[in-house]
Amino acid sequence: MQKLIMIKYAELNTKKDNIGMFLKALKQNITEKLGDKATILFDKGRMFIKASDEHFDEVLLKVQKVFGIHEIMIGYETSSTDIEVIEEALLLVTRDLSFTSFKVETKRSDKNYPLTSLEISKHLGGVILKSRDCIVVDVHHPEVTINVEVRKDHAYIYVDKIKGLGGYPVGTLGKGLLMLSGGIDSPVAGFLAMKRGVKLEAIYFESPPHTSVEAKNKVATLASILSEYGSSIKVHVIHFTEIQEEIYKKVPHEYLITIMRRMMYRIAAKVAYQNRCKILVNGESIGQVASQTLSSMAVINEVVKIPVIRPVACLDKLEIIELAKKIGTYETSILPYEDCCTIFVPLHPVINPELEKCIEYEKLLPYEELIKNAILHETILTNSPKKEFEELL
Amino acid sequence: MIYLDYSATTPVAYDVLESYIRATKDFMGNPNSIHGLGVKSKALMHSAIKQISDLFSVLESEITFTSGATMSNNLALIGTALANMKYGNHILVSKLEHPSIYQICKYLENIGFEIGYIENTQDGLIDFEDLKHQMREDTILVSVCAVNSEMGIRQPLKMIRQIIKKENPHTFLHSDMTQALGKVAINLHDVDLASATAHKIYGPKGIGLFYKNSRVPFTPLLYGSGTVNMYNPGTPPVPLIVAFSKAIRLATNDLDKRENFIRRLNDKIISELSKYDGVQINHTKICIPHILNISLDNIKAETFLHALEEYEIYVSTNTACSSGEISTTVMAVYDDKKRASSTLRISLSYLTTTDEVNKFLSCFRLVYEKLSLLKKEE
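Same order as they appear, the protein sequences are chains A and B.
Here my numbering is used: the first residue of the first sequence is 325, the next is one more, and so on.
Here my numbering is used: the first residue of the second sequence is 48, the next is one more, and so on.
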């Protein structure tokens, strides 16, 4: 009898012809996280992950951060499907559990097996009943459900289930560019896009000396937390100081944010195109701030053709915070460093910006040149620790 | 010089010292500063902490750097005792602890806690039955060292914790792992709180480690600012942290290989020294080979130590921290006051050579013969 992790796939059963591609990607994503600490086998119904005792808990934790999984079961594989072997394994598995009522639920994917599912359940239930005192079978509200799955060469027994993250394996739906600011919303937006199978790169706008290295490091940390749910996230850092200062000098202050966002969108769209990202993803939430009113969104979105996905658009701030806490980005997001959306904030930003005015104001700026320059000088943030540190440690 | 006192302290490893010097020179910024220099220091410090937390599979926030194991023991025992007062005031410790633990217990007793002492078997193993028997509903903390400092007795912490938690799930286990770290494999998940220090594992003096699982309620004893090192606030000593991190990585490498080598040296010393009538070997089957304790029948251990010193051989009596008294460990294991009154500790390292052991053994003979002659003349 071997302890193993069994995985029930999430929404993948809606996929017919290309399910193979999804499963391969899922396996690939899990392998990337576990390395040689586990062996993975899969078929269309289940994935089986085996790991040594030493690594088992670590593997279990990591699997819980993979998209495309509906449920994770901690189970035991029997050496054969002989009913005696299953009985013996079942008694071992249930030995240390304490319960007063239970039921056995059997699934049989091997339809040639001599007993039907119901017969197996009844038989095994009887075995457990005989093995201990003071317990009853309760098929409606059992304290413990013992699951048995009889497959071709092995049977699998499991009691404990952990809910998986759901969604599609990251990467199966292509690549998107996340506008990552360092706030609470954008990492959550990234997480949700990843959940639907989108592999992410990220873009971050820095404005030194108005923004600090700390702020940039914070973004690197956020990207690395998000990476735990998929593969590593490349962060494009755009030097935004000149553009921002130019806007500040020349544009009426109530339009500062609107114009700034339009510039950011333009840059993001270009970076996305250069890096084969098919969509932009950001953390805008309807009505949260002046630049996120419907009129603002319309005027800002107007500068790009690329689809902009706003996964948290319809969530309340508290809902977003709850999610941020769950995925582990909240504590980092609330570190108090200025980012380029919080500097140069006018007292009364326009809530209903007019497109004509935007176009008129932008004529005051040599923005195409500035944008070209900014993209040309982008740097890439990496999450891996610096080599200098490695030598010291 | 033949140094056989590695359990008192160790020489700093070359690479560790090198890291210390470079971190001192190149990372002068205060990690609490927000400018580039500070940020650089902070990033290095976090990498160092992460390396440690990864090695032990614990959270970064569960690690506090202290001045050494004594401070760690203070935080662990007093901080946990104060925070858990509402659940009880009973604390259990083994009879094989480092003196610092008993000093802390004395203080805790003064402020109203009740201290119980767990018996051990003849091998030095914690007496599980006695532990079970002494566990109460108001027992809040148990402290058992992973490896005893005088004889090297190693305790099965995982099993001890299981027993404790079965008797009372609200009782926490602290372990002073000072003599275990870098000598044998340790698992921080076997305990709730732990102490260790850098200078016993070829790291610098002045920095220790305090591990506290995030679930353990805790009352800080020191207050100040700074976002890391929660229970020992102030400006973190980045170069010491870096050096400690490196020392841990290097010292936890090849543990088995090193232990096997040291075991051979230890076997050799035991087989030679047991030939003397006036020498008793204080070693049981659960002792680790890095520490070897002997009792001298009619010779004062201190005299013997100084006589060996003339040959530039360095060993210790009891432990460096408790010279002058009788060995509490030997007393706890053998219940023999005479045996416990004159003990020598020889502690070995993977740096010890066979040649050094041979020289030690021949000098031991010279000193032994000379001093036992004096004894007879008296």
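Don't read these hints as lab results, they were simulated from the structure.
Possibly wrong hints are sitting among the right ones.
Here are the computed lysine-lysine pairs in the PhoX-like style, where the Cα-Cα straight-line distance is at most 25 Å [said to hold, decoys possible]: (1) B:Lys97 / A:Lys650; (2) B:Lys304 / A:Lys386; (3) A:Lys357 / B:Lys304; (4) A:Lys361 / B:Lys304; (5) B:Lys304 / A:Lys649.
Some chain A residues flagged as far from chain B (calculated, every beta-carbon gap over 12 Å) [to be verified]: (6) Leu385; (7) Arg432; (8) Pro438.
In this text, all values refer to a predicted model and were calculated from it rather than measured experimentally.
A virtual CB, placed ideally from N, CA and C, is assigned to each residue, including glycine.
Cross-check of the supplied hints:
Between Lys97 of chain B and Lys650 of chain A the CA atoms are separated by roughly 22 Å; this keeps the pair inside 25 Å, and the hint holds. For the proposed pair Lys304 of chain B and Lys386 of chain A, the alpha carbon gap of about 31 Å is over 25 Å, so the pair is violated. Distance check on the hinted pair: Lys357 of chain A and Lys304 of chain B sit about 30 Å apart at the alpha-carbon level, beyond 25 Å; violated. A threshold of 25 Å between alpha carbons decides the hint, and for Lys361 of chain A with Lys304 of chain B the separation of about 23 Å falls inside it, so the pair holds.
As the CA atoms of Lys304 of chain B and Lys649 of chain A are separated by approximately 44 Å, the hinted pair breaks the 25 Å bound. With a cut of 12 Å on Cβ distances, Leu385 of chain A falls inside the contact zone with chain B, its closest approach being about 10 Å. Even its closest Cβ contact with chain B, about 38 Å, leaves Arg432 of chain A beyond 12 Å, as expected for a residue assigned away from the interface. With a minimum CB-CB distance of about 42 Å to chain B, Pro438 of chain A clears the 12 Å threshold, and the non-interface call stands.
The structure is inconsistent with the numbered hints 2, 3, 5 and 6, although it conforms to all the rest.
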